[in-house]
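Chemist: Once you have looked at the hints, place chains B and C on chain A.
Protein chains in written order, with my numbering: chain A, 1 to 301; chain B, 1 to 243; chain C, 1 to 678.
Careful, some of the hints might be misleading.
What the hints assert, rightly or not - With a straight-line cut-off of 25 angstroms between C-alpha atoms, the simulated DMTMM-like cross-links for lysine to aspartate or glutamate are:
#1 Lys206/C x Asp573/C
#2 Lys170/A x Glu124/B
#3 Lys170/A x Glu135/B
#4 Lys206/C x Glu88/A
#5 Lys170/A x Glu101/B
#6 Lys86/B x Glu186/A
#7 Lys170/A x Glu121/B
#8 Lys170/A x Glu138/B
#9 Lys555/C x Glu88/A
#10 Lys170/A x Glu118/B
Said to hold, decoys possible - With beta-carbon atoms standing in for the labels, derived distance ranges:
#11 Ala66/B x Arg417/C: 41 to 47 angstroms
#12 Thr459/C x Tyr267/A: 40 to 46 angstroms
#13 Gly340/C x Ala196/A: 33 to 39 angstroms
#14 Glu138/B x Leu307/C: 51 to 57 angstroms
#15 Ile119/A x Ala249/C: 23 to 29 angstroms
#16 Gly193/B x Pro60/A: 54 to 60 angstroms
#17 Ala310/C x Gln130/A: 39 to 45 angstroms
#18 Ala640/C x Glu88/A: 48 to 54 angstroms
#19 Ala226/B x Arg650/C: 22 to 28 angstroms
#20 Glu88/A x Asn510/C: 42 to 48 angstroms
In case anyone wonders, no lab produced these hints; they're calculated from the structure. Glycine included, every Cβ here is placed at the ideal spot set by N, Cα and C.
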Amino acid sequence: MVLFFQAVVSGLTIGAIYALVAVGYNVVYASTQVFNLAQGMLVMVGVMMTYEFREVMGWPTVGAIAGAVVVAGLINVAIERVCVAPLERTHGGVTTHLALPAFVTTLGASLVIVDAYEIIFGSQILPFHQYFNAVAFNIGGHKGVHVGRQQLFMVVAALVIAGAYHAFAKYTRWGLGLSAMAQNREGAALRGVPVAGARIVAFLLAGVISGLAGIAIAPVTFGDTTLGFNYALKGFVAMAIGGFGSTTGALVGGAVLGLSEAMLTTYGNDQYRIYASLMLLIVVFTLRPRGILGRQTIRTV
Amino acid sequence: MTDNGSSSPGEGLEVRGLQVRYRGGLALHSVDFALAPGSRMAVVGRNGAGKSSLVRAIAGLVPAYAGTVTWNGRNITRFSAARRVKAGVSLVPEGRQIFPELTVAENLRVGGFIAGREVHERRERVYGTFPALLERAEQPASQLSGGEAQMLAIGQALMANPSLIMLDEPSFGLAPVIITRLLDIIKDLSERGITVLLVEQSVRLALSLGGDLYVLDGGSLRLAAAAGSEVDPEVLQAAYLGA
Amino acid sequence: MAATRQHEAKPRQQVIAARRYRFHAVLALGAAAILFAGPSLGWKVSTIHLVGSAALYCVTVIGVNVVLGFAGQITLGPAATFAVGAYVGGVLSARYHWNPFLAIIPAVVLALVIGLIIGMPALRVGGFYLAMVTAIAALAVPSTVANLHSITGGSDGMSARQLSIGHHIISDATTFRIIVIATLLSAAVAANISRSAWGRWFRCLKVNEAGTSSLGVSVYQAKVISFAWSAAFGGLAGALFAPFELSIAPAQFGFDLSTAFFVALVVGGLGKAWAPVLGVALYYIAPEYLLPKSYIGLKEQLIFACLIIAVVVLIPDGLSATVQRLSTAVWRLIRGSPQGAREALVLSEPSVGESVIAAQPPEAPPIPAEEPSDGRSPEGRRDVAARTRRELPALLARAGSQDRTRPALAARDVVVRFGGVVALDGAALEVYAGQVTALIGPNGSGKTTLLNVCSGFQTPNAGSIELAGVDVTRTPSHRRAAAGLGRTFQQPIVFTDLSGAENVMAGEMNNRPSSVAAAFRLPSSRRHERAAAQRAEALLGALGVSHLVDRSASKSSVADSKILDLARALATDPCVLLLDEPAAGLGLDEVAVLEALVRATAQAGVAVLLVEHDVAFVGRIADRVVALERGRVIAEGTPAEVRSHPDVLRSYFGDVDLVRGSDEAEGRPAVAVEAEHD
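Pulled out of the complex, with its shape left as it was, chain A reads as follows (with noise of 0.2 angstroms):
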């Protein structure tokens, strides 16, 4: 019993980050029909760089978390200005033949991106300082389920940044353009929306919200970044479970994606984990292909 709550602490706190890579693949696809493969190395950008600045440069932590957000914040829009922005130019206007050389493209930036760190900062690896100290809640005494205050951090951390997402997508003006934008391009444009200058947004924040989930997972990650391919996928499964264009659909296949895992590794091994994805896809596409609180139906290529 104390084993199936400890996999349901595991598979939720590895959930959040799924739903967080889900909510940035949203932010961006939604509103233009791109698909970000680099959004999963986004989040490692978030971990390289809060180690960089926090271990490596000493920076305090608000600064280091400052530090990592800004920069996958801005990898990101660079990643829009290189790889998908040009891509206007020599495949037509059409936006819709834009999605599969921008798989391709950002597939490439995701690589480079692999491949620049390694370069710039090498493969030193310092002791990284927790957040938070050692001591776990207990749930049920001593011999009962153990909650670190990591793990409680990552799945708060995840509710209060799809939380914020959710609220600037309702409150604010570019919020709603982008959202208008999803739901109809042209008429977006006509309301005054720059639909250019939207996408660079769209691609700034998904960078800083897969940033703030690399910051999250941080301490218990280990530095490799070809993890950043398998958030990928993994992010792409979470929003298939919970539905496209959906935040809140995020938050819930991440949830559900992280705990049949968990389940998988726990009364499995390890290598069981890729079936959980693969049975889930399986599942959504016979039963319900929109997803559990899918809205949209993603446009096939």
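Modeler: What follows is chains B and C alone, placed relative to chain A:
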């Protein structure tokens, strides 16, 4: 080329030699007209004649292959759609194009994207013009009836404080009673000093607007009836049923 | 008819296609010969292994080219079937002592089966879903291999056996040569598929999915078949990989391998014949030789990743196209035409002028463009029209044998609702063989919806569709097409890398080959090709556009594309033909040409139903007109009758009072219009 009323040069809407091409051919061959500020005009024509292309080109949604569009002395031919909204040009597009998942209030907020701090003021004024929208302010726009949706679309355009408003087939799919109300609203806009360009399939509605009536045929505009005079039936028949 | 053709000359299209094929075949054989000689020329073992594994990667990418390049279905998991092939072959030969050659067969079969298990559900949804499911599958396979520890050696990997016959072990060099041959054969098979009927149908999947079913091909089936072929290629490559590399481990078949295959193809140029070779050469072989040794490692990978971005952004059709352009330029330079050489080098990206051409029309533009169409005189056009009327009936056997007294196509009480909107409200019509029936109506009247219900793309909420009296309401669209319901679309379907005749051949219905027959150019496929080519040439000749037969379709004007579209639809030997706004975007001359063709088609016995905005065009061409408004039929009859019908006038003009003088007093319709003019 015809002019509408007396206008000082450089004022109002001036379209010269406008040509719009699609990959399949020409939509607009060469369109010339001028619309004095504060006045109104209507454009009719059969399906496929290019009416939508005309207003979309003026609004900046499709690029002009040739020709110029000038508004109040500024050459806006190369402006993006959003920039033209800032310049005072608003289009209420065919099919309304409101945002179904946003509430009425949020839809108006998006309409006021460029409004800055005046957003709330302007929204109050729109509610004043369209009380039905105030009633449904927190409802998602997908739940609006056809007439209410059209009101919302016009309200959205008004949020940008336009000096030129273009409407593309606003009567489409609406009951006659609503159409009458719609017409009153459009005339009211014109009376407020906003320049109005109405595109319609229904000749009757276009005539009731009261300004000049043009027919779009063969890729260019022809005057069918100057303001206040009678329609030349041959022009209309030729345009709609072929000649 | 087919029997006598045996003695006639080969169709022009086939001669040209064969020539093109031979050129590439010679090139490929040459390259293979060089590789063959490699070991004898003193290549190091490391070189042999580098080139050999690159060749096997190439085989996998050839497979990806079939599913992604030809058919446009995104797969991110080619390494999955590669891994299955490697492990099945490896395990059977190493653990169960199968002969390594024989083990290849179950390896390929199992790769095929697993590929289909993964692909079949995902292909129903397509798009990004397919991409992600295949990506996850690509991760699941190595994990599963690691899990089946006892059989596969788990994450540590296992050793595979070398190829052998009995006790005689085949050397590295010979295995390498076998791989080269396998690669050559794979390339040949892919080329065969590309130039066969299947290649054309895959192209249709990419260009217009719905259009594929109008050719009588099931969309889902075609997607699955393309996917199956890619799985088979992957399995073969993997099956040869194990005995060559001799040790395999799950880590070798990770997601990065899949992305490498995908990127190699995109960089090489989707759908192009040499793309797999160029992509793999750039991705695997070039770094070894082009970059100085000190750069190998991270910097090399970084440069690579940047290169990928640069290629996709700057050269959208990939390296193959660049190579093609360069070679064309060089060739023209040699022939003494520097101007031509310069032209060839220019990227086919939108020129400044084209960038101000809008991408999609909101409504069909019917106004003449300025350019004239075929420069023919009116007499010339009359001759062509006469020729068409003469020659077409022989080519449309099914149409001619129809009963002209009963409707060839009937729609009865069709109701279609989209959410709260009623698009069709009890619409009905009948189309008779030998006649042109036109469907007119204002925007939103439901014309295209009705057409889609007839074709089978839209299921009605109520009502029925009958084809020659047979209820086809539940029949899928590709079967309706096979039964004789042809269709064209508003945007003509053009396969730009094929000739005009090859475009038309996609419609050929008789004796269609299986994909296996096409892949190995079995006699049944060759017979189909020959018959299709003859019919295509005959059709294009009858339609007066023989010059399009061997001209690349990319050079066709809009009018020519529409004629190709029509010819392709006629190649299906339709009883009924649905035309969706055929006159849209054509100049006056071109419309006249089209009119003649459509009338001739009807005269040959086809029941033609066309949707049009241009009421004048309709007046000239139609025998019967049906007017729709808000999903209901408001008038039917001759063009003159419908044009002066008060309800129709109201739907277009909206109650305007156009009355002048005595007509109204005498009770005649307010607007009387002449039907003929010009």
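Chemist: Is 40 to 46 angstroms a correct range for the gap between the Cβ atoms of Thr459/C and Tyr267/A?
Modeler: Check passed, 44 angstroms falls within 40 to 46 angstroms.
Chemist: Do the alpha carbons of Lys206/C and Glu88/A lie within 25 angstroms of each other, as the hint requires?
Modeler: holds (20 angstroms)
Chemist: Given a hint of 33 to 39 angstroms, does the C-beta separation of Gly340/C and Ala196/A actually sit inside it?
Modeler: holds (38 angstroms)
Chemist: Starting from Lys170/A, check that the Cα of Glu118/B is at most 25 angstroms away, please.
Modeler: holds (19 angstroms)
Chemist: Quick check: does the Cβ-Cβ distance between Gly193/B and Pro60/A fall within 54 to 60 angstroms?
Modeler: 58 angstroms Cβ-Cβ, so the 54 to 60 angstroms window holds.
Chemist: Could you tell me whether the CB distance from Glu138/B to Leu307/C stays inside 51 to 57 angstroms?
Modeler: holds (53 angstroms)
Chemist: Can you confirm whether the C-alpha distance between Lys206/C and Asp573/C stays at or below 25 angstroms?
Modeler: Given pair Lys206/C, Asp573/C holds - Cα atoms ~24 angstroms apart, limit 25 angstroms.
Chemist: With a cut-off of 25 angstroms on the C-alpha distance, tell me whether Lys170/A and Glu135/B pass.
Modeler: holds (20 angstroms)
Chemist: Are Lys170/A and Glu121/B close enough, with their CA atoms no more than 25 angstroms apart?
Modeler: holds (19 angstroms)
Chemist: Between the beta carbons of Ile119/A and Ala249/C, is the distance compatible with 23 to 29 angstroms?
Modeler: holds (27 angstroms)
Chemist: Taking only the CA atoms, is the gap from Lys170/A to Glu101/B under or equal to 25 angstroms?
Modeler: holds (11 angstroms)
Chemist: Range first: 39 to 45 angstroms. Now tell me if the beta carbons of Ala310/C and Gln130/A are that far apart.
Modeler: holds (41 angstroms)
In this structure, none of the earlier numbered hints is contradicted; all agree with it.
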